[in-house]
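Participant: Spelled out, the chains give:
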Amino acid sequence: EPEVTQTPSHQVTQMGQEVILRCVPISNHLYFYWYRQILGQKVEFLVSFYNNEISEKSEIFDDQFSVERPDGSNFTLKIRSTKLEDSAMYFCASKGPGETQYFGPGTRLLVL
Amino acid sequence: KNQVEQSPQSLIILEGKNCTLQCNYTVSPFSNLRWYKQDTGRGPVSLTIMTFSENTKSNGRYTATLDADTKQSSLHITASQLSDSASYICVVSANSGGYQKVTFGTGTKLQVIP
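Taken in sequence, the protein lines are chains W and P.
Residue numbering for the first sequence follows this note's numbering, starting at 1 and increasing by one per position.
Residue numbering for the second sequence follows this note's numbering, starting at 1001 and increasing by one per position.
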């Protein structure tokens, strides 16, 4: 069964450094999403992406965040200058023509 | 403000027993409601999705109900198994200018014990 994959599974970085989280959505899906989950808290929506542009973003998704679909398979989330409070699990999801979003296994980001 | 409240926060049940998890929402205009199962440290996995016109939907031992008038949903798990131990998250989507706004509940942490 096709699934969403994410790399790396874990990333440790220093405050102020840039990180890029990578996602490979399910191949025929056209809608892509990033979510984050701070430890012990609920999942929060960051951004949705369709037709090579951002279709929706939350107040969390400020200027330090950006998303890109650099080729036909990858979907990336870049955090330009990480802060301690960016430490969280980051989930990518993709959606086809139906309503169900399929989530990846997540990248656990730790900012020191 | 769109909100999704779930109860109970946590629940412990014996293997083989049934349980029901609750979700109340104040999301408008309502598009759909989904229940996800999330194992610790993993991504959420979709269990059911319901639109406004659907009252009930089953997926194996999981049965979700939706009352769009009272803005309540429940997830009933029948004959629980140890592998059902996870967080169950209610997610409600609203249509906003052609896009979907997604609001996650805080989840119910279920532990099934032998």
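In case anyone wonders, no lab produced these hints; they're calculated from the structure.
For each residue, glycine too, the CB sits at the ideal point set by N, CA and C.
Just so you know, not all the hints are guaranteed correct.
Label-pair restraints from in silico Cβ distances [stated by the list, open to error]:
id: 1; chain 1: P; residue 1: Ile1012; chain 2: W; residue 2: Gln41; range: 31 to 39 Å
id: 2; chain 1: P; residue 1: Leu1014; chain 2: W; residue 2: Asn51; range: 31 to 39 Å
id: 3; chain 1: P; residue 1: Pro1114; chain 2: W; residue 2: Lys83; range: 23 to 31 Å
id: 4; chain 1: P; residue 1: Asn1095; chain 2: W; residue 2: Lys83; range: 30 to 38 Å
id: 5; chain 1: W; residue 1: Met15; chain 2: P; residue 2: Glu1015; range: 44 to 52 Å
id: 6; chain 1: P; residue 1: Ala1079; chain 2: W; residue 2: Arg69; range: 21 to 29 Å
id: 7; chain 1: W; residue 1: Asn52; chain 2: P; residue 2: Pro1114; range: 47 to 55 Å
Taking lysine to any residue pairs in the SDA-like style, the calculated list, with each CA pair at most 25 Å apart, reads [what the hints assert, rightly or not]:
id: 8; chain 1: P; residue 1: Lys1101; chain 2: W; residue 2: Leu112
id: 9; chain 1: W; residue 1: Lys42; chain 2: W; residue 2: Leu112
id: 10; chain 1: W; residue 1: Lys83; chain 2: P; residue 2: Asp1084
id: 11; chain 1: P; residue 1: Lys1101; chain 2: W; residue 2: Ser55
id: 12; chain 1: W; residue 1: Lys42; chain 2: P; residue 2: Gly1016
Participant: Mind listing which of the numbered hints don't hold for this structure, in increasing order?
Facilitator: Failing hints, ascending: 1, 2, 3, 6, 8, 10, 12.
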